[in-house]
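K.L.:
Take a look at the letters that make up each chain.
Protein chains: 2
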Amino acid sequence: MKLTRRSKAWLAAGAGLGMLALAGCGPAAAPTSAAPQAAGFPSQWLQYGSNQEHNTVFPGTGAASEVLQGTSWRFREHRGIPLNQPPRDESVLGKGPSGYFHASVKTTQDLGNAVGVTGVGGIIYVGEDRNRVYAINALTGKKLWEGMTINQNMAEPIVAGGLVIVDSGDTGFSYSNVMKFAKHAPIVRGMGFAGVWAFNAQTGKKVWSYDTKGEVMPDGVVLGNAYIFGNGDGHVYALNLKTGKPLWITAVAPGKGGFDSMSSANWWKNPATGQTLVYVGFSDPNFVYALDAATGKVVWKQTVPKVFSTGMGDNSPVVDPTAGIVLDDSVVSFNAANKTLNLDLYAMNAATGQILWQHKLGRGKAILAFKAGLIMVHHGVAYVGDPDNGTLQAYAVKTGAKLWETTLPKSKIAGKMVLTQDRGSPVYYKGVLYEAAGSDVFALNPKTGAVLSSYPVGGRFGMINPVIVGGTMYLANSWGWSLAIPLHDIYPKG
Amino acid sequence: MKLTRRSKAWLAAGAGLGMLALAGCGPAAAPTSAAPQAAGFPSQWLQYGSNQEHNTVFPGTGAASEVLQGTSWRFREHRGIPLNQPPRDESVLGKGPSGYFHASVKTTQDLGNAVGVTGVGGIIYVGEDRNRVYAINALTGKKLWEGMTINQNMAEPIVAGGLVIVDSGDTGFSYSNVMKFAKHAPIVRGMGFAGVWAFNAQTGKKVWSYDTKGEVMPDGVVLGNAYIFGNGDGHVYALNLKTGKPLWITAVAPGKGGFDSMSSANWWKNPATGQTLVYVGFSDPNFVYALDAATGKVVWKQTVPKVFSTGMGDNSPVVDPTAGIVLDDSVVSFNAANKTLNLDLYAMNAATGQILWQHKLGRGKAILAFKAGLIMVHHGVAYVGDPDNGTLQAYAVKTGAKLWETTLPKSKIAGKMVLTQDRGSPVYYKGVLYEAAGSDVFALNPKTGAVLSSYPVGGRFGMINPVIVGGTMYLANSWGWSLAIPLHDIYPKG
Chain X
1 MKLTRRSKAW LAAGAGLGML ALAGCGPAAA PTSAAPQAAG FPSQWLQYGS NQEHNTVFPG
61 TGAASEVLQG TSWRFREHRG IPLNQPPRDE SVLGKGPSGY FHASVKTTQD LGNAVGVTGV
121 GGIIYVGEDR NRVYAINALT GKKLWEGMTI NQNMAEPIVA GGLVIVDSGD TGFSYSNVMK
181 FAKHAPIVRG MGFAGVWAFN AQTGKKVWSY DTKGEVMPDG VVLGNAYIFG NGDGHVYALN
241 LKTGKPLWIT AVAPGKGGFD SMSSANWWKN PATGQTLVYV GFSDPNFVYA LDAATGKVVW
301 KQTVPKVFST GMGDNSPVVD PTAGIVLDDS VVSFNAANKT LNLDLYAMNA ATGQILWQHK
361 LGRGKAILAF KAGLIMVHHG VAYVGDPDNG TLQAYAVKTG AKLWETTLPK SKIAGKMVLT
421 QDRGSPVYYK GVLYEAAGSD VFALNPKTGA VLSSYPVGGR FGMINPVIVG GTMYLANSWG
481 WSLAIPLHDI YPKG
Chain U
1001 MKLTRRSKAW LAAGAGLGML ALAGCGPAAA PTSAAPQAAG FPSQWLQYGS NQEHNTVFPG
1061 TGAASEVLQG TSWRFREHRG IPLNQPPRDE SVLGKGPSGY FHASVKTTQD LGNAVGVTGV
1121 GGIIYVGEDR NRVYAINALT GKKLWEGMTI NQNMAEPIVA GGLVIVDSGD TGFSYSNVMK
1181 FAKHAPIVRG MGFAGVWAFN AQTGKKVWSY DTKGEVMPDG VVLGNAYIFG NGDGHVYALN
1241 LKTGKPLWIT AVAPGKGGFD SMSSANWWKN PATGQTLVYV GFSDPNFVYA LDAATGKVVW
1301 KQTVPKVFST GMGDNSPVVD PTAGIVLDDS VVSFNAANKT LNLDLYAMNA ATGQILWQHK
1361 LGRGKAILAF KAGLIMVHHG VAYVGDPDNG TLQAYAVKTG AKLWETTLPK SKIAGKMVLT
1421 QDRGSPVYYK GVLYEAAGSD VFALNPKTGA VLSSYPVGGR FGMINPVIVG GTMYLANSWG
1481 WSLAIPLHDI YPKG
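Chains as they are written, first to last, in my numbering: chain X, 1 to 494; chain U, 1001 to 1494.
Hint data in this document are derived by calculation from the structure and do not stem from the laboratory.
Hints should not be assumed to be uniformly reliable.
Under the rule of at most 30 Å between Cα atoms (straight-line distance), these lysine-lysine pairs were calculated in the DSBU-like manner [to be verified]:
1. X:301 <-> X:256
2. U:1142 <-> X:206
3. X:256 <-> U:1365
To give a feel for the contact side, a few chain X residues facing chain U, derived at Cβ under 8 Å [as the list claims (entries may be wrong)]:
4. 88
5. 89
6. 92
7. 93
8. 110
9. 171
10. 172
11. 175
12. 181
13. 182
14. 191
15. 192
16. 212
17. 310
Since the model is a prediction, treat every value here as computed from it, not as a measurement.
Beta carbons: idealized from backbone N, C-alpha and C, even for Gly.
Bound conformation, chain X alone (with noise of 0.2 Å):
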């Protein structure tokens, strides 16, 4: 654990570690691998970004969220490569009209961390590519334990009932599926075996799996017992929690496939009629799906014109429940006489899933692998990230107002300033908006937009919402490494 002169202070003020790592708990000890200091920590993690606005932040209390403000370590995953060093095979693989983005690609997906992390009771939880999940002492960034799937494990873990559950999968098609596309047949996606994952979330040992045809690269959601997710293989699939049966599965195009890529699964609790929905997306058909918690009848499907590739199946819906609407983004209008293409952000009725507004974000170059931006909802305002043309923007949730647009600061990667591809979802923390994208974190005023301060990480990140608890950040990145940064060393004043 390396202090920051804040802890630091602290500490030579007499306040011990032990102590204010237990304080109200009995008597002091100092925190250890095997029981980690939980203060602050949520008790549970449901959903892909913790809730439906993906805000992953949680102030916690007193003296355990300053002692945490000192946390910082950094965790190397199996093959991370170092933070300052270029993508894996970057001269073989060649690069993109942008720079770093063949190698940056195939890193992200095959090495490094797709998202980011999970933070449970003092743990943090990570999967990454190389098949390995990671339970790591939020404190010390000690390894707790180490788990492995089939595949690679591209989404965030998802702890509820003593359980981590991780779901696992990988981007590719076979020869067969090649030649099916090229003659509009439905297609799956995922090359190797697939499926989730659940182990218990104290000891790493394996509970139970459940196997599917095609890749589970998104995170589902926990509803009550159940697990739902959308895949690779054109299903919802809704496990019991506890014994990984399922209890429903439902295929959302029959007779035409589809095939969610990275499109996380929400939820909404309708107040005029009960019913909780579940929102996941689908490519090749694009949709958007809102279907009935309880019995996977899918209620109302969306789309929008001119949706291009993998656009709905990439993306995960945010809600705003208050509002009782649901944002989502994707690649519309691609130009391939110059390779540019548009990224829409669009706004659905919750309960009908019509399309109250939409709005472009802006034309730029196509970037390669994951071309959307995550959205966060934080008080009837939607913050999203395009990374085509590297700016963050604010429309009220609404009325679909644009309130701001920032071009972030290019980015370091291995040497090279680049455009900074901004894929994940910023979160709002005490006036603060932060952002992890290409190889920095960036701090903004959340009611102009205007930069506040950068903080170099290196690497690159993918798409990812920092998870910030106690006035630590925990991040991780496609280089392959779970980090904690003190939040006071990204932006002093925040």
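Given chain X, put chain U in place with the hints provided.
P.N.:
Below, chain U alone, put in the same frame as chain X:
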């Protein structure tokens, strides 16, 4: 080590194991893991199938061969599944028209061994799909060391110059390549990181690695100081065996792509010119290429009409060095209406590529994945299986005259009798033909094709050539096992 009746008789007659193992090498000592029994094994393994003819037999000498005749072990690799169980995820992945196809294919390509083993100096080397490579004591079945590459290892380990060369890559295509294929643009095979890895043959320590853009699934050939192989990005590479640095790199179809899936390289030295040629097949476009081994220059290329799908990139040319003939077989005349296809066997002039003769091996129901049969040549006869119709056939190399055709007995896979898909090449040993196909090892009369015996192993065999050393057969299979079976158990009269 399990002793057969024959080796027990030897021991009863007073012949100590240690004495036999080190006969003529000084004081007697029992073989240990650190110093495995080397008698009878070759000192290097320079290409797929160990030689141009793919006849992987090593009679051994005197007492050593008798001791090894008693060797029986099963080595379970990472995630290996019990031999009497179905392939992984059978119920999830669904069945093809002939039974176990979908799950068998995925188990072959993502869990177990696509091909067989290599035996050098008393050590069995094997690579598998979970990225691991093992060195196993040939006498005891105990692991000497375990290495790991960056992706699946589908080729036989090559052993030369004190190094074990392991090719690494996977069968998948990225979504961008899926879209390119639909537009008839060049594509690259292989989703994950790929390349060639060299380990110290004794210690397993990594010596060098060389990364490539596309998969390296097939084997290369060692010629002099060069390791020469084709791969998924449309190139043939010659690497310096000692350093892994490229000597030359040839794009076989510039601007058109091409990918080598499982076509392992072969070679022939033209006695008239002294030039050494390397033969390797590519798909999309489909050609067998002959390259000058010293410079990488393409000397000739050849194709056959109506070749289908991954035809030429999947199969490995065999060479009859005396006749100066290269043989290969590829899928032709696919009938999309009834899903049948034909496998054509063809002979080419090794110097010019001219087609000398071409034979249909018969029409059969299209099976999934690898649809051809590897060829073995012995004393002017080519032996080849047709996995689509379950036959093994023999042809005169020079004239193309058909000598016989045998339908192999059905195989019992997980309790059900299914067509025996004969993908691998047989070996000729002391007047008997041995073939591993389906879940069995068969002994046949090489003159008539009559089946003499069948020995059930379980699991499923891929594109395997059994390796026979001094009376023991060494194998690997799709379920993730390396095996030693006394030849006497397979065919007691052999």
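K.L.:
With chain U as the partner, please determine if residue 182 of chain X meets the hint condition of a C-beta pair closer than 8 Å.
P.N.:
holds (4 Å)
K.L.:
Straight-line Cα separation of residue 256 of chain X and residue 1365 of chain U no greater than 30 Å?
P.N.:
holds (26 Å)
K.L.:
With 8 Å as the cut and Cβ atoms as the points, is residue 171 of chain X at the interface with chain U?
P.N.:
holds (7 Å)
K.L.:
Next item in the hint list is residue 92 of chain X. Is there a CB on chain U closer than 8 Å to its CB?
P.N.:
holds (5 Å)
K.L.:
Should the interface hint for residue 181 of chain X be scored as holding, given a Cβ-Cβ cut-off of 8 Å against chain U?
P.N.:
holds (5 Å)
K.L.:
Would you mind confirming whether the straight-line C-alpha gap from residue 301 of chain X to residue 256 of chain X stays at or under 30 Å?
P.N.:
Status holds; Cα separation ~15 Å.
K.L.:
Measuring from the C-beta of residue 212 of chain X to each C-beta in chain U, is the shortest one below 8 Å?
P.N.:
For residue 212 of chain X, the interface hint holds, since the closest Cβ of chain U sits about 6 Å away, which is under 8 Å.
K.L.:
Mind checking the CB of residue 192 of chain X against every CB in chain U and telling me if the closest is under 8 Å?
P.N.:
With a minimum Cβ separation of about 4 Å from chain U (threshold 8 Å), the hint on residue 192 of chain X holds.
K.L.:
Is the hint on residue 310 of chain X kept, meaning its closest Cβ partner in chain U is under 8 Å away?
P.N.:
This hint holds: residue 310 of chain X lies near chain U, its Cβ roughly 6 Å from the closest one there, short of 8 Å.
K.L.:
Taking the closest Cβ pair, is residue 88 of chain X under 8 Å from chain U?
P.N.:
holds (6 Å)
K.L.:
Hint check: is the beta carbon of residue 191 of chain X less than 8 Å from a beta carbon of chain U?
P.N.:
Hint holds; residue 191 of chain X Cβ to chain U Cβ min 4 Å, cut 8 Å.
K.L.:
Does residue 110 of chain X pass the interface hint, meaning its C-beta sits closer than 8 Å to a C-beta of chain U?
P.N.:
Residue 110 of chain X check passes; min Cβ-Cβ to chain U is 4 Å, inside 8 Å.
Every hint, counting from the list given before, is met by this structure.
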